[in-house]
Amino acid sequence: MKKMEINHFINTIIEEDIKSGKHSKVITRFPPEPSGSLHLGHARAIITNYTMAINHNGYFNLRFDDTNPVKEDAAFVETIKKDIEWLGCHWENLLFASDYFNEMYERALLLVRKGMAYVDDLSADEITEYRGDFTTLGKPSPYSGRTIEENEELFIGMKKGKYKDGSRVLRAKIDVTSPNMNMRDPIIYRIQRAHHQNTGDEWCIYPMYDFAHPIEDAIEGITHSLCSLEFEDHRPLYDWVVKHCEMPEIPRQIEFGKLKIAGAVIGKRHIKQLVDNNVVMGWDDPRLITLSGLRRRGIPSQSIQNFIISLGLPKSQGDTELDMLYTFVRDHLKLESPRVNAVLDPLKLVITNYPEGEVEYLDAENNRENEALGTRKIPFSREVYIEREDFIEVKPNKKWKRLALDIEVRLMHAYFVKANKIIKDEDGNILEVHCTYDKETKSGSGFTDRKPNGNIHYVDGSINRKAEFRLFEDLVLDFENKDIPFIDKINPDSLIIKNGYIEESINIKEGSHYQLTRNGYYSVDKDTTEALPVFNRTVSLRSSFKPKAK
RNA sequence: UGGGCUAUGGCCAAGUGGUUAAGGCAUCGGACUUUGACUCCGUGACCGAAGGUUCGACUCCUUCUAGCCCAACCA
Numbered sequence: 020m021k022k023m024e025i026n027h028f029i030n031t032i033i034e035e036d037i038k039s040g041k042h043s044k045v046i047t048r049f050p051p052e053p054s055g056s057l058h059l060g061h062a063r064a065i066i067t068n069y070t071m072a073i074n075h076n077g078y079f080n081l082r083f084d085d086t087n088p089v090k091e092d093a094a095f096v097e098t099i100k101k102d103i104e105w106l107g108c109h110w111e112n113l114l115f116a117s118d119y120f121n122e123m124y125e126r127a128l129l130l131v132r133k134g135m136a137y138v139d140d141l142s143a144d145e146i147t148e149y150r151g152d153f154t155t156l157g158k159p160s161p162y163s164g165r166t167i168e169e170n171e172e173l174f175i176g177m178k179k180g181k182y183k184d185g186s187r188v189l190r191a192k193i194d195v196t197s198p199n200m201n202m203r204d205p206i207i208y209r210i211q212r213a214h215h216q217n218t219g220d221e222w223c224i225y226p227m228y229d230f231a232h233p234i235e236d237a238i239e240g241i242t243h244s245l246c247s248l249e250f251e252d253h254r255p256l257y258d259w260v261v262k263h264c265e266m267p268e269i270p271r272q273i274e275f276g277k278l279k280i281a282g283a284v285i286g287k288r289h290i291k292q293l294v295d296n297n298v299v300m301g302w303d304d305p306r307l308i309t310l311s312g313l314r315r316r317g318i319p320s321q322s323i324q325n326f327i328i329s330l331g332l333p334k335s336q337g338d339t340e341l342d343m344l345y346t347f348v349r350d351h352l353k354l355e356s357p358r359v360n361a362v363l364d365p366l367k368l369v370i371t372n373y374p375e376g377e378v379e380y381l382d383a384e385n386n387r388e389n390e391a392l393g394t395r396k397i398p399f400s401r402e403v404y405i406e407r408e409d410f411i412e413v414k415p416n417k418k419w420k421r422l423a424l425d426i427e428v429r430l431m432h433a434y435f436v437k438a439n440k441i442i443k444d445e446d447g448n449i450l451e452v453h454c455t456y457d458k459e460t461k462s463g464s465g466f467t468d469r470k471p472n473g474n475i476h477y478v479d480g481s482i483n484r485k486a487e488f489r490l491f492e493d494l495v496l497d498f499e500n501k502d503i504p505f506i507d508k509i510n511p512d513s514l515i516i517k518n519g520y521i522e523e524s525i526n527i528k529e530g531s532h533y534q535l536t537r538n539g540y541y542s543v544d545k546d547t548t549e550a551l552p553v554f555n556r557t558v559s560l561r562s563s564f565k566p567k568a569k
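Adding 19 to a residue's 1-based position in the first sequence gives its number in the numbering used here.
It is possible that some hints are incorrect.
Restricting the straight-line Cα-Cα distance to at most 30 Å, the calculated cross-link-like pairs of lysine-lysine (DSS-like) are [unchecked claim]: (1) 353 with 100; (2) 508 with 353; (3) 485 with 417; (4) 279 with 291; (5) 517 with 545; (6) 420 with 279; (7) 287 with 101; (8) 545 with 508; (9) 90 with 22; (10) 100 with 277; (11) 418 with 501; (12) 101 with 279; (13) 565 with 367; (14) 287 with 100; (15) 100 with 133.
It is worth saying that the hints were derived from the structure and are not from the lab.
Construct all of the structure, not just a fragment, from the sequences and the given hints.
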């Protein structure tokens, strides 16, 4: 992504560090655990770390925090890389926490030798019990008094695989009575015989996040380790590790508030539930705000960048409405997308005074606001399709700016037409509308003698392509209501599929964007086939049209 | 209950002792219009509450209230 001017409290801190000479450049990182997909919330962390580095003469590392092999899967590494690349945040180094397992082990050994870590034989339940809770101070483990020699021998033994999984842990000796639970002699190594995606079976002990993370940052020379607020309580421990492990570089952790999106399903557990129950088409379903879902929906990554930057970097916690993102999406797509006609719910219009069998090709600009996109010819003949909602039998009020009996509208790029007859089936459904056109009113002819009642679009009745259009609504209804189980709040109509027609001339390629006139921005979905193109509505056009409630 | 953080209009968010309290989204009006789009105009705040300090407080102090996070051998 290109450089943008950014001003927030972290930027201020960084600028002071540069002014004071503490740092000459900024090195940051994004440290995902390869255990799930990235979503819009992660975009803030990625973009914040990325922009702070490139705006300050430095670089940004992508480092997978693969310290827990039982939860992680190499498959996520590729999807995460793809998402970050798509977001436009290029990493300088692709790294893994596991690259540093040796050094971490050595640093832990150093702690042991300094008498600042001990091997504990308590069970997991016992450790929890000894740790106390918010109101009860922790008690020292009966094993915390072991000698340095004993601890060293036991820890080396742990590493060598002498002990069973879960039988012992290495703990930092800090303060079991600290009001900060993280400081109550946190576990820093556990025994876990699990096959690791990068180190295989080389290790049977794995470091815990709180110990591993600061060491990773320090090794890479990360100057500012930017993360979300929930790690604020961990900062004393982060600093403790850097200091007592005697790391030569001292990174500084700074926390910012997470980005929360109103009404969005974000939890891995919930998304999995939706996927497993076929409520959504997969992790990349356009109704999800996973980065892959947003991409499939057709949201340009630049709009995500602009959205994130415009939000600033507060420490307060609020729910941001997706409308704000959509505004950036429309902004971006407005000039970029060709504008073409499509009819999602077709109603046949027969122009009775137009010669049968004749077709004429009319001029149409591809984007009235961006001439660079050129022009095209669109067909027009005796039968065309219009949107069913663009016709009503009797004009209801002055505000109605579409077609009705005895009312004349312009078919955009073509002629004025006036409806004069409705053909219905036995049940009263409108099958087709008959109208007449006025040759004098041809678009581009300069005709100004009378004004049409409105402008509607059409697709030619025979020269067209059938297409599927997918419209998306909220996945969950009554989102904030905690009394109803999640699964019972799912909107049964979150996906609306329409089958209609689109101009036949367009080039259908996965991911390409179009503005469908008077409707919205759409992009071509991966489900597209030669026989049936599939379009996702990325975002609708704004509309101030409000049908009067009857 | 102990610790940490937060609190500005429907939503997001600037603002760090003196301004008519920025801006964006949304809403509602209006102008324009071969997209009811775009564009352009207009539209809303006693700054969580109560006290205090001060000539003057959203900004400082005190107390209170509400929300979020922490008691994985997860990250």
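Would the hint linking residue 565 and residue 367 be met if the CA-CA limit is 30 Å? holds (24 Å)
Quick one, are residue 100 and residue 133 close enough, alpha carbons at most 30 Å? violated (39 Å)
Is the Cα-Cα distance between residue 485 and residue 417 30 Å or less? violated (34 Å)
Given the hint that residue 418 pairs with residue 501, does the C-alpha gap stay at or below 30 Å? Between residue 418 and residue 501 the Cα gap is close to 42 Å, so the pair fails against 30 Å, i.e. violated.
Residue 353 and residue 100 were given as a pair; does the straight-line alpha-carbon distance stay at or below 30 Å? Distance of about 29 Å is within 30 Å: holds.
Does residue 22 sit within 30 Å of residue 90, going by the straight-line distance between their CA atoms? The given pair, whose Cα atoms are some 36 Å apart, is violated under the 30 Å limit.
So if I understand the rule, the pair passes when the alpha-carbon distance is 30 Å or less; does residue 101 with residue 279 pass? holds (23 Å)
Is the hinted pair residue 545 and residue 508 satisfied, with a Cα-Cα distance of at most 30 Å? Measuring from Cα to Cα gives roughly 28 Å; hence the hint holds.
For the pair we were handed, residue 287 and residue 100, check the Cα-Cα distance against 30 Å. holds (18 Å)
Mind checking the alpha carbons of residue 508 and residue 353 for me, to see if they're no more than 30 Å apart? Violated, at roughly 34 Å.
Do the alpha carbons of residue 420 and residue 279 lie within 30 Å of each other, as the hint requires? Violated, at about 40 Å.
Check whether the Cα positions of residue 279 and residue 291 lie no farther apart than 30 Å. Roughly 19 Å between the alpha carbons, so the hint for residue 279 and residue 291 holds.
Of the numbered hints listed earlier, those contradicted by the structure are 2, 3, 6, 9, 11 and 15.
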